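Peer 1: So you can see what is in the structure, the chains are spelled out below.
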Amino acid sequence: MAAGLLIALFLLLFLGIPVVKVIFVAFQDPNSGQLTIINFVDFFRNSLFRESFVNSFYVATMSVVLASILAIPLAYFTTRFNFGGAVLIQTLGIIPLIMPPFVGAVAMQLLFGANGSVNLLLDEHFGFTIPFMEGLNGVIFVESIHYFPFILINLSAALNNIDRAMEESAQNLGSSGLRLFRRIVFPLALPGFVAGAALVFIKVFDDLGTPLLLNVNNMLAPQAYLRISSIGISDPTGYVISVILVGFSLLALWVSLLSMRGKDYATVQKGGGGLMRRDLKRWEKLGCYAVVIFILVLVLSPHIGLLLLSFGTIWSFAVLPDAFTLDHYYTVISTSSQYITNTLLYAGLAALFDVILATAIGYIVWRTKLVGRKWLDYGATAALAVPGVVLGIGYLRTFHSVNVPIIDEPLASWWIIIVLAMTIRRLPYALRACIAAIQQVSVMLEEAAENLGATKRRTVWRILVPLMSGGILAGFVTSFATASVELSATIMLVARESDAPLAYGIYEFMQSAAGRGPGAALGVIAVLFVGIGTYISHTMIERTKRSRETKPIVAEGVPVK
Amino acid sequence: MTEHKLQSTGVKIENLNLSFGDTHVLRGVNLDIHNGEFFAFLGPSGSGKSTLLRAIAGFGPKPKGRILIGSEDIANLPPWKRDVGMVFQSYALWPHMSVRKNVAFGLEERRLPKSEINERVDNALDLIGLKHLAERKPAALSGGQQQRIALARTIVVEPKVLLLDEPLSNLDANLRVQMRREILELQRKLKLTTIFVTHDQEEANTTADRMAVLDQGIIQQVGEPMKLYDNPTNLFVAKFLGTANILEGEIEAHADGVRFRSNNGASLALNAVHQQGRGSIVFRPQNVEIVKPGNHEGADHNRIAGSVCHMEFLGSVIRYGVDIGNDVVLIDHPHKQGESTLALSSKVDLLVDRDGIQVVA
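Quick mapping for you: the protein sequence lines, in order, are chains A and B. Going by our numbering, the first sequence opens with residue 1190, and the numbers climb by one from there. Going by our numbering, the second sequence opens with residue 269, and the numbers climb by one from there.
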């Protein structure tokens, strides 16, 4: 099938080759071109790189710890108690994700930094300060507030999936209280927790934007970026770091797979799932609310800080900005609107490519017998293990010598390359959405169309795609929203200011103190993009789910392949 | 495990009521289940049978009333102190523990010495014939094996009562019959009071010593399966336990005995009953004979004239529907190879054995 080959070629060109190239260069002697591990030896001989490696590891680990401290009580409250704040907690699990961590980073510094609002207040009233944002602390703080929902969502799902009978049978056999928790509930929920924790670890380990904006450069991703952007694409350090990043990504994915394998405790059976919930006593309820509200304030602080920053005139050594103004928005729209229009164009195109690719891959995998079809799925999903920095470096290295005919410039500096990077980066997410949608459509519906004389092509177009539309749309919106704040890959690929997207614009503005206001205004716009996108995608999925419930499309008892 | 160790006792339920909000799930339940009895809770879904079973184990909302295990009222004890073993419908085997660990769990919770735990687990696994699978994880076992493990896990702690929640519903048809026999055999061997919940009359009929039929949270009738089938006291029990012909009409006392006159005019002699006035009678399809008009066999039977309006071949019997006016009566006629069947619309007489007629409320 031609479409299958085309997709395979696309994945090879824009994912396979660049990544292999990066790995290859990392093992190549820069002068003689021979295969060697000398680059790795040099890397670990350099104290700055050793320190960066240790720092990245430390930051990722501590972020997992802090994120767990935030997530575990919330997950426990919602699954164990009849707690009125459940909706609040669900919202809590989404709010951080709609703001990319690097956007809130500067705002967090103004709130929690050495001279930030919180420390000014603490110093004034209690005479001490807390170094929330000093160096690595800042990165840990910002990242864990941003990524804790991954643990919250996975852990809550795992707890909710435990069949109540699991707990009841233990009670029936004489177990109760802490012992029951330790022997039954905890081990059953563990895989979900590990999956979430591995995800947080790797996201933090790979993140470029947050340390860059907080000016913490002694970590791996910033080092890779700085070496490539200041020394050039022939410097081997960036490639060595890339290999390390990819290695850790694979390790994290492997750990989470391992923790899930053979322990897919989807134990819910008919008769109602979820653990036993109990009502709270008055003081317990107060305690729960106190914890939830504390976390809510923490989670909202980057948003609040960003808003204040975008509307504030001067905000320095003060609890709040001196005065408020709309100037920053005016500046952004009058002088830098290309960031917004570029983003709409790039993210829109990338999301379109994503859903087309994802639908095609989904169709090939689930509806055809094409040899090697599973590998299209694996190939596209493999993008998950490729950090943005690595993809950026790979594109630079691979395509700087490829000239685009008519416009006569290297592919690596043409704006389309940014779209391609976004497409590859977001493809796994769109693919999951589309595959979920295609799995919900019974093959019999298509067979009925064919039986009535529709060709395969017509059947896809008239039956399958309309039935998948909810999932496809959700995939589009998710891809669009997340691509519009993509920084780590695109920051490498922006050749000139006029081609730059939003995320890059925010980064540029935030470099100078004067640019913070307009930068924050851009950040607010970015958050709106993602927030609205997430909301639409969420409603879309919910609506399809509900319409499926009333009119089940999948015939019962018929396995959908 | 040897049977004499088990401390089986009877179960007595006194005036048990339970509601979820405004819905009454159990209403005035009274039951006396004897020691060593195999007892079934039978009813359609939503009848409260599972809720009643779970209430005995201490799960779900707290009911009002008394639940006596032997002479002890356990209604206020938490589930882990009740000593009633329950096998869950989904088996609820813990997927992160091996078979051995699953079975040992209850004994470990009772803080027994290691050597005793090992010995009792081995005995229990021997009893169900799955000792060779002890180190496997439950997910690697078949449905029937999981069922046996769940049973072993429960009886190894030697509970006073065994509760089985729809124990066969997750098995396929062939295995169901086999497991039914195995469970019954085990119960006989252990002489352990056992209560099991089912919505399948056949399951209840074949296994239970006695059963309680439930509907809408109320116990409709209690007794031996055959007794309930033959002598249902109300329409629900009559219909739920099998195909039943139900005629409405008047019950009248005449000089020559009690007669039933149906709404369409058919008149049937009844065995003496106390009730008079409006009522219903129930008789099963196999208690009716179908004969050609003018055939005078069985002159002492009640005779109703009608015409054949449909026929179903069910295998061992042929089920005729005979139109007798406003009602259609079903008759099961044993099928013998070579015997010709009655044509549709042919005129027939029905002979109804008066011993097979039951007057219901």
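Treat the hints with care, as some may be off.
Here are some chain B residues pointing at chain A (derived, C-beta under 10 Å) [as the list claims (entries may be wrong)]:
(1) Lys330
(2) Arg334
(3) Phe356
(4) Leu375
(5) Arg571
(6) Ala573
(7) Ser575
(8) Cys577
Since the hints were derived computationally from the structure, they do not count as laboratory data. Just so we're clear, the structure is a prediction, and the values are computed from it rather than from any experiment. Yeah, the Cβ is synthetic: ideal placement off N, Cα and C, and Gly gets one too.
Peer 1: Please go over all the hints and tell whether each is borne out by the structure.
Peer 2: Evaluation of the provided hints:
no. : hint   : in the structure
1   : Lys330 : violated (12 Å)
2   : Arg334 : violated (20 Å)
3   : Phe356 : holds (4 Å)
4   : Leu375 : holds (9 Å)
5   : Arg571 : violated (48 Å)
6   : Ala573 : violated (46 Å)
7   : Ser575 : violated (41 Å)
8   : Cys577 : violated (34 Å)
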